[in-house]
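Hey, can you work out the whole structure from these sequences and the hints?
In order, the protein sequence lines correspond to chains A and B.
First residue of the first sequence: 25, per my numbering; consecutive thereafter.
First residue of the second sequence: 54, per my numbering; consecutive thereafter.
These are computed hints drawn from the structure, not numbers from a lab.
Every residue, glycine too, gets a C-beta built ideally from N, C-alpha and C.
Treat each hint with caution, since some may be false.
What the hints assert, rightly or not - Derived Cβ-Cβ restraints for the label pairs, each shown as a range:
no., chain 1, residue 1, chain 2, residue 2, range
1, A, 203, B, 223, 52 to 58 angstroms
2, A, 203, B, 228, 55 to 61 angstroms
3, B, 178, A, 348, 38 to 44 angstroms
4, A, 352, B, 150, 32 to 38 angstroms
5, B, 69, A, 127, 49 to 55 angstroms
6, A, 287, B, 248, 28 to 34 angstroms
7, A, 156, B, 142, 41 to 47 angstroms
8, A, 205, B, 194, 38 to 44 angstroms
9, B, 88, A, 122, 37 to 43 angstroms
10, A, 348, B, 88, 36 to 42 angstroms
11, B, 205, A, 61, 37 to 43 angstroms
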Amino acid sequence: MFKVRAGFIPLTDSALLIAALEKGFAKEVDIDLELVREFSWANIRDRMAVGHFDVAHMLAPMPVAAAIGLSPVPVEILAPMALGLGGNAVTVSTSLYKLIQEQGYSGSLDPAEAGRSLALLIEKRRTDNLPDLVFGVVHPYSCHNYDLRYWLAACGIDPEKDLQIVVLPPSLMPDALSVGNIDGYCVGEPWNSASVAAGTGAILTTKSRLWQSSPEKVLGVTKRLALANPDILDSIICGLTNAAKWCGDPANHGELADILARPNYLDQPADILLPALSGDIAIMGKQSLHDVDFFMPFDRAANFPWRSHALWYYSQMVRWGQTAFNAKNVEWAAASFAPDIYRRAAAKMQIAVPAANAKVEGALIASTAVGAGNNALYLGPDGFFDGALFDPEKLEDYIASQKNERMTKV
Amino acid sequence: MIEANPSVLVVDENKIRAAIIESGLREAGYKNVHIVGDTFGLGRCIEQISPDVIVIDLENPNRDLLESMFQLSRTVKRPIAMFVDKSDQTSIEAAVDAGVSAYIVDGLTKERVKPILDMAISRFNAFARMSRELQDARDELAGRRIVDKAKGILMKARNISEDEAYQLLRKTAMSQNRKISEIAQSLVTAENLINDKR
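Here it is as structure tokens:
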């Protein structure tokens, strides 16, 4: 048994790590997994840097940010595996929700429709001399931050000028919303469902609708471990992939919610954990909607660390002025995701993996089979809600186009 | 220009620990020390005090918020960088082990702020030790109370003296290779069950 210590933040998408321990998938591959619950992403990063953690639950843009030197503490990390697709939502206070509805929004969760009404409301508030709306995200280098900004900008709302974006810890979002410190937020589960259950918030749209089959958390691994113990790393990946398969099976969702609910994990009632797993998303009060791809732990090659995902997040870091565009950064950003390692590990468990390291994001309009026979693999749909394509080969053009037509309305 | 006496902001929800760090810094000659504990006041507090050094505990979920402020020039006028030098691995390790982290404004030299972090690390460690000792003392006191209760049960049930009751507990503990307090606890639990007092 090889001892592996993993850090995690109490969020629904830490499920793969928790299931790997609790359902014995780690033990099956001879890994003695120890889970350490952490309080902030900064702690996860720091404890990776000093060697307290071998692997960790991480925001997908974190390895990218570290690779291009944006991290205040130097840490060499790789993402050889993704911990699922989707899982976030945008939630607003019930009072803001009603105001958005007054501007025509029907409650469809459609990002374009919701954004159009929000843009109208912001315009109206400006004429009425009302203060800027305030939205919360969990980290400057988080999918939440980039997804929220992408959505706003594509709806003609300038996230830098038309409203204010602040950083708050995920668990504090519902409280901040209920007391009116913020008007809305983009966060992972269970913190959207928590506000809906409390009657203080309503879900306006979901990550799965902003960008279908998009990445959220990854497994961060120290380069030290990846280089010194490739076999151990493969075992970890195999154990987590088996856990992912188990988490994705609807038959296990009830049990998984009960496990995650325990005091040493998320310490939240199981009934607010279930929506993200089952896809039966409560929007406001008793109103709900079934969303098959809200959170996908395994299907659609959900564990494959696409370089196009890493590069998309890099493009957004450039877009919002966090870093510069240059060839070195592009190279480092791409290399922070390690599809070759995932492929090597997957070969040991006969799991179908994509042959390419990157894809054109938004090109798959429907779910598409690649490969053949027993090993058929279904990818996508992976579209952005505004129909834009992201071709990682044309990164510079993409960044330029976003700069030129920054606030085009959909 | 940074003042000769850098202002230090201690962000800690644990009031006692914050006070211990504050007193340590004051004793060491840092006169400009502030403490903030609550969650939502952090941004405003940093704007008002404009600290040169920020010390924050690692159990604080607001670390991500704090780091994000360093990027947003809107809230904080001066850029703030992580205190620990990129090459100073031992310093990072000592800080993380102690459960503390620190940030400084750009321009403050490492030599000037190293004593502040060292002080915070040693006070964090001292606090952890103190909490442990306090817990041990509490456990011991609770253990003594439970032994007294168990002695009472034995004295009544078997009509023996206090000393005999204690010897009986001790003998049983030794023969089972367990602590006296554990044997006492089992006895008290059993007695509660039998007499249905829960």
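Do the hints match the structure? See the list:
Residue 203(A) and residue 223(B) have their C-beta atoms about 57 angstroms apart, which keeps the hinted 52 to 58 angstroms range intact. The supplied range of 55 to 61 angstroms is met by residue 203(A) and residue 228(B), whose beta-carbon atoms lie about 59 angstroms from each other. Between residue 178(B) and residue 348(A) the beta carbons are some 41 angstroms apart, a value that agrees with the proposed interval 38 to 44 angstroms. A C-beta distance of roughly 34 angstroms is found between residue 352(A) and residue 150(B), which places it inside the suggested range of 32 to 38 angstroms.
A C-beta distance of roughly 50 angstroms is found between residue 69(B) and residue 127(A), which places it inside the suggested range of 49 to 55 angstroms. Distance hint for residue 287(A) and residue 248(B): a CB-CB separation of about 31 angstroms, consistent with the stated range 28 to 34 angstroms. At about 42 angstroms, the CB distance of residue 156(A) to residue 142(B) agrees with the hint of 41 to 47 angstroms. The hinted window of 38 to 44 angstroms between residue 205(A) and residue 194(B) holds, with their beta carbons roughly 42 angstroms apart.
Taking 37 to 43 angstroms as the suggested C-beta distance range, the pair residue 88(B) and residue 122(A) conforms, at roughly 40 angstroms. The hint said 36 to 42 angstroms for the Cβ distance between residue 348(A) and residue 88(B), and at roughly 38 angstroms that hint holds. The given range of 37 to 43 angstroms is respected by residue 205(B) and residue 61(A), whose C-beta atoms sit roughly 42 angstroms from each other.
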